[in-house]
Amino acid sequence: MAGTWRAIGRFTRMLRHTLQGLRLARNGFHDLDAASQQREVERWARGFLTEAGVALQVQGSPVAQGPVLLVANHQSWLDIPTLHAARHCRFVSKAEIARWPLVGALAQAAGTLFVQRSVRRDTQRTVQAMVEALRHGDVLTVFPEGTVGNGRDLLPFHGNMLQAAIDADVPVQPVAMTFVDARTGQASYVPCEATPDEAMLRSLWRTIATEHLVAVVRYGAPEKAEGRDRRTWARDLQQRIESLRRNQEAPHTPLPQTAPVPPVVADLAQ
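Numbers 28 to 297, taken from the working numbering, label the letters of the sequence shown in order.
Keep in mind that the hints were calculated from the coordinates and are not lab data. It should be emphasised that the depicted structure is a prediction, and the values quoted were computed from it without experimental measurement. Glycine residues also receive a C-beta, built at the ideal position from the N, C-alpha and C atoms. A hint or two may mislead.
Here are the computed distance ranges between Cβ atoms for each label pair [stated by the list, open to error]: (1) Gly55 x His185: 31 to 39 Å; (2) Asp194 x Ser270: 21 to 29 Å; (3) Leu228 x Ala122: 15 to 23 Å; (4) Arg43 x Asp149: 30 to 38 Å; (5) Leu46 x Gly254: 45 to 53 Å; (6) Leu129 x Thr77: 14 to 22 Å; (7) Ala125 x Thr77: 22 to 30 Å; (8) Ser88 x Arg162: 17 to 25 Å; (9) Gly36 x Asp196: 45 to 53 Å; (10) Gln155 x Ile35: 39 to 47 Å; (11) Gln151 x Gly36: 40 to 48 Å; (12) Gly254 x Ile35: 53 to 61 Å.
Straight-line distance between alpha carbons at most 20 Å, and here's what the computed DMTMM-like set of lysine to aspartate or glutamate pairs gives [stated by the list, open to error]: (13) Lys251 x Asp194; (14) Lys121 x Asp149; (15) Lys251 x Glu269; (16) Lys251 x Glu159; (17) Lys251 x Glu276; (18) Lys121 x Glu172; (19) Lys251 x Asp263; (20) Lys121 x Glu159; (21) Lys251 x Asp196.
Let the hints inform the model, and build the full structure from the sequences given.
So this is what it looks like as structure tokens:
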């Protein structure tokens with residue numbers, strides 16, 4: 028029963044926070060300069076995690092400024108606000124998100140590039156738009172798995188969007204996300220969808236009913252293609268992100284810790 032009341036309270040606060048973000052997106056957000064917009068997006072995302080009862084721990088340093096393409100694993104509905112909270116970036120997402128209630132308007136305000144993945148020509152258009160954004164100095168983020176995984180195993184990485192980094196001649200920074208229980212340091216899969224058919228709302232409710240959840244973001248060292256084609260590069264990046272998830276690769280230029288770091292996630296390392 029305590030978990031139910033906790034979830035009700037958090038859901039109410041999350042909804043209020045989302046509506047506040049939507050109000051800002053529609054009134055005055057586009058009058059802000061780019062730096063102020065980025066700060067507002069980060070601030071909103073951190074507040075969203077707080078209202079959801081999720082702590083954030085960042086390990087390693089994101090690249091200080093663009094152009095750079097962040098490549099991350101995709102494990103839950105919390106991934107986008109988690110990465111926004113860690114550092115501002117523009118996402119490349121499926122076109123359906125633009126039509127989602129509330130979320131679509133927020134995603135558009137945050138500068139999301141939308142792609143109709145079933146249309147080959149639209150994928151090519153999106154890659155070209157990414158190239159232009161990267162040449163402009165932006166920080167873009169893609170989920171090369173193409174869909175949400177179960178948090179335990181990575182799905183095969185697709186290399187289509189990596190072509191933008193190759194064409195723009197910019198680095199890619201691998202980013203690994205995991206969840207841990209702050210009490211034990213053990214991996215938590217509470218926010219992850221148990222099966223591909225599980226409704227996101229069920230995963231959301233399970234998450235906000237849970238205590239002591241920490242979202243961990245680990246930034247790896249950036250790298251360039253160095254002559255690799257996009258498919259080879261995608262396989263190499265998948266291996267690096269897997270190593271980051273299992274704590275087998277040190278994060279990039281670790282920041283001084285201001286709070287105790289949970290122990291190594293045991294069952295991911297096995």
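Are there hints from earlier that the structure breaks, and if so, what are their numbers?
-> Structure breaks no hint.
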